[in-house]
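Q: Listed below are the residues making up each chain.
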Amino acid sequence: MSSWLKSLIIGIVVIALLYVLNGMMSKGGFFGAGIDDYTARLLVFIAINIILATSLNLINGFTGQFSIGHAGFMAVGAYSSAYFTVNYGKQLESAFSFLGETGASSIILIIAIVIGAIVAAIAGAIVGIPSLRLKGDYLAIVTLGFAEIIRIVILNIDAVGGATGYQVPGYANFLWIGIFAVITIVVVHNIVKSDAGRALVSIREDELAAEAMGVNTTRYKVTSFVISSAFAGIAGVLFAHYNKFLSTNDFQFIKSFEIIIMIVLGGMGSMTGAVVGAIVVTLLPELLRQLPAIQVGASTFQFSDLRLVIFALILIFTMILRPQGIFGTAEIGNIYRRFRNKLGKPGGLE
Amino acid sequence: MLTLENVSVNYDAIEALTDISLTVSQGEVVTLIGANGAGKTTTLRTITGLLEPRNGRITYEGKEISGMATHRLVPMGIAMSPEGRGVFANLSVRENLDMGAYIRKDKKGISDDMERAFTLFPRLKEREKQKAGTLSGGEQQMLAMGRAMMSRPRLLLLDEPSLGLAPLLVHTIFEAIDNIRSEGTTILLVEQNANAALHHSDRAYVLETGRIVMEGDSKQLAADPRVKEAYLGE
Ligand SMILES: Nc1ncnc2c1ncn2[C@@H]1O[C@H](COP(=O)(O)OP(=O)(O)OP(=O)(O)O)[C@@H](O)[C@H]1O
Ligand SMILES: [Mg+2]
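Line by line, the protein sequences are chains F and H. FYI, the numbering for the first sequence is 1 to 350, going by this note's numbering. FYI, the numbering for the second sequence is 351 to 584, going by this note's numbering.
It is worth saying that the hints were derived from the structure and are not from the lab. Take the hints with a grain of salt, since some may be wrong.
Said to hold, decoys possible - Some chain H residues judged to face chain F by a derived CB distance under 7 Å, without partners named:
id	residue
1	421
2	426
3	427
4	430
5	439
6	440
7	442
8	449
9	452
10	468
Unchecked claim - Taking lysine to aspartate or glutamate and the EDC-like style, the derived pairs with C-alpha atoms no more than 16 Å apart in a straight line are:
id	chain 1	residue 1	chain 2	residue 2
11	F	193	F	331
12	H	455	F	195
13	H	458	H	448
14	F	90	F	101
15	F	244	F	37
16	H	569	H	558
17	H	457	F	37
18	F	193	H	448
19	H	578	H	558
20	F	193	H	445
21	H	457	H	445
22	F	135	F	37
Don't be surprised by glycine CBs; every beta carbon is placed ideally from N, CA and C.
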C-alpha cells in the first residue's frame, strides 16, 4: 500500500474516532452512547497537554535547548486569540451564519488559532533570537523570565480581564482539539524525520560538531524554538475557547514545570514518550483525588494538594531510576519491531 | 590554498596568538606543532570562524574568510575534526558518517564515500550500528576523521588526532592521514606528537606561546637540534 494512501486511511479513521467521541460528549450523545462531562474534560486536557508536550519536546528533546517557559507562550496564544474572539466573535458569527452555528464557530476558531499561533511565534522569535545566538544555557533563564513577565503584564491589562479573569466564547470542542493534537504530532514527527530533524538532533548531540558539518545551528535552533512556541500558542487558543475562561493563574510556573515533567517522564526526544507523558501527568492528579485524605496531628492533607510535591518526586525518581525517561529516544514503532523480531515472526523491510 | 597573514587573536584581554603567518598549498600536508597552551587549537578555531582575529587576514582559495561562520566554510570545501573529536554520542557510527555528508544531496556519491570511509577504517565497518558514545577513544577519532571526509573536503583540518591513543592506534591514524593525502586532500594537522607529525608532513610550523618561532621543511625541522631538544625529547 502506498504510504500516502496509508496516511489517508489512518487520517480518516482518526478523525472519525474523534468525531464519534465528540458526539458522545455532546448533550444528546452519539446514538445514545455518551461520555460524562468529567471524562470529557479529562480527554480534552489530555489532548491539549499532548500538543504542549510534543511541541516542547521539539526544542528540549530533539534540539537539546532547555526551554522552561512553555506556559508563557501558551498564555500569549490564549490571550491574543481570546482578545480577538471576544471583540470580533459576534460580528464574525453573523458574517458566517450561512455556514450554520457549528460551521461559523469552526471558522472563527481556525482564525483564532492562526492568530494565536502567529503571535506566540513572534514572541518565540523575540525571546529565541537573542538567547539562541549564544552557545550555552541562556534559553532556560530567558524563557523562565519571559513566562513570568508575560503573566504579570497580562494581569495588568484590563482589556483582557486583568486580575478578575477573562470570559471567552466557547468555540472549541473536543473534535477540533483532538484534530490539532494529531496535527501537532504529525508536524513534529515529519520535522524530526526530515533532514532538518537530523540537523536538530546533531545540535543536541554536539553543537560545535554540528556547525562543523555545515549545519547553520543558530537558524535551526531559532526555527525549532519558534515552531515550538507557535504550537504552545495553539494549545493556549484551544484551552481558552474550551474553558471559556482565562485566568493568569492557569499559566504560572507550575504549568511550564508540568509540561517539562511530561517529556522528562516520557523520554526526551521520543514522540511516543511525550504523548504517554502527557496522558500520565494529566491523569495523575485525578488519581490522587481518589485517595483518602491523611490526618497528621491537627491538619488534614489532601493528596491532590500535594500535586507539586508529587511532581517533584516523580522528577527526582525518574532522574535516579531512569534518567532517559520511560521511552528514552525510542518510539513505539521501534519497540514493536524489536518485539516482533524477538518472537521470530517474519518482519518487514524496516 | 589557505593563508594566514599577521593574524593576532585575543581571549578578552589575553593575547593568545601574535602575528601568525602561515600558508598551506594545494596537495600539502602542513603540521603545526607546539606544547600545551601554545595556541594550536586557537589557530584552528580562528580559521574556522569560532574566533575573530583582532588583526590580520585569513584567505582560502583567494577569498577572505576571517570570522566567517563555520557552517559556511563546509560548502567551500573545508572540513574539520575538532579537538576532543565531537562525535554525536547517541547516534550510530553510520548516522555520524551520514551527518558528515549533511551538505550533500547526491545519495549515490554519499554511499560510495561511506564505503571509502569504511575502507580507510575497517574498524568502523564492524561497529556500523554501535552508538558513537560507546566507541573507544581511538575508534571515536577514526569516526571523527571519517565523518569529516564525508563532505568531500579539499582542505581537512585535524586537531590532535593522536591525542591519548596507544602507539598502535597512533600508527593507524597517521596511515589514514597518508591515505587521505594521497587521494588529493590538503591537510593542516595540529599535533603535540611532533615526531609522528614531522614524519607525515611536508612542511611544519612550530608555535610557542602564540608565536611562530620556526618554520620549514618537516624533515629539516626534525633534524634541527632545537626541535630535537624541545619537541622530540632527544
Ligand atoms: N576560551 C578561552 N578563554 C581564555 N583563554 C583561553 C581560552 N581558550 C584557550 N585559552 C588560552 O589560550 C592559550 C592557547 O590555548 P589553545 O587551546 O589554543 O592551546 P593548544 O596549543 O591547543 O594546547 P593543547 O595542546 O593543550 O590543546 C592557552 O593559554 C589557553 O589557556
Ligand atoms: Mg589544543
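Q: State for each hint whether it applies.
A: Here is how each hint holds up against the structure:
no.: 1; hint: 421; in the structure: 5 Å, holds
no.: 2; hint: 426; in the structure: 10 Å, violated
no.: 3; hint: 427; in the structure: 11 Å, violated
no.: 4; hint: 430; in the structure: 5 Å, holds
no.: 5; hint: 439; in the structure: 6 Å, holds
no.: 6; hint: 440; in the structure: 6 Å, holds
no.: 7; hint: 442; in the structure: 12 Å, violated
no.: 8; hint: 449; in the structure: 5 Å, holds
no.: 9; hint: 452; in the structure: 5 Å, holds
no.: 10; hint: 468; in the structure: 19 Å, violated
no.: 11; hint: 193(F) - 331(F); in the structure: 12 Å, holds
no.: 12; hint: 455(H) - 195(F); in the structure: 10 Å, holds
no.: 13; hint: 458(H) - 448(H); in the structure: 12 Å, holds
no.: 14; hint: 90(F) - 101(F); in the structure: 12 Å, holds
no.: 15; hint: 244(F) - 37(F); in the structure: 15 Å, holds
no.: 16; hint: 569(H) - 558(H); in the structure: 20 Å, violated
no.: 17; hint: 457(H) - 37(F); in the structure: 54 Å, violated
no.: 18; hint: 193(F) - 448(H); in the structure: 14 Å, holds
no.: 19; hint: 578(H) - 558(H); in the structure: 15 Å, holds
no.: 20; hint: 193(F) - 445(H); in the structure: 13 Å, holds
no.: 21; hint: 457(H) - 445(H); in the structure: 14 Å, holds
no.: 22; hint: 135(F) - 37(F); in the structure: 47 Å, violated
In terms of the numbered hints stated before, the structure departs from hints 2, 3, 7, 10, 16, 17 and 22, listed from lowest to highest.
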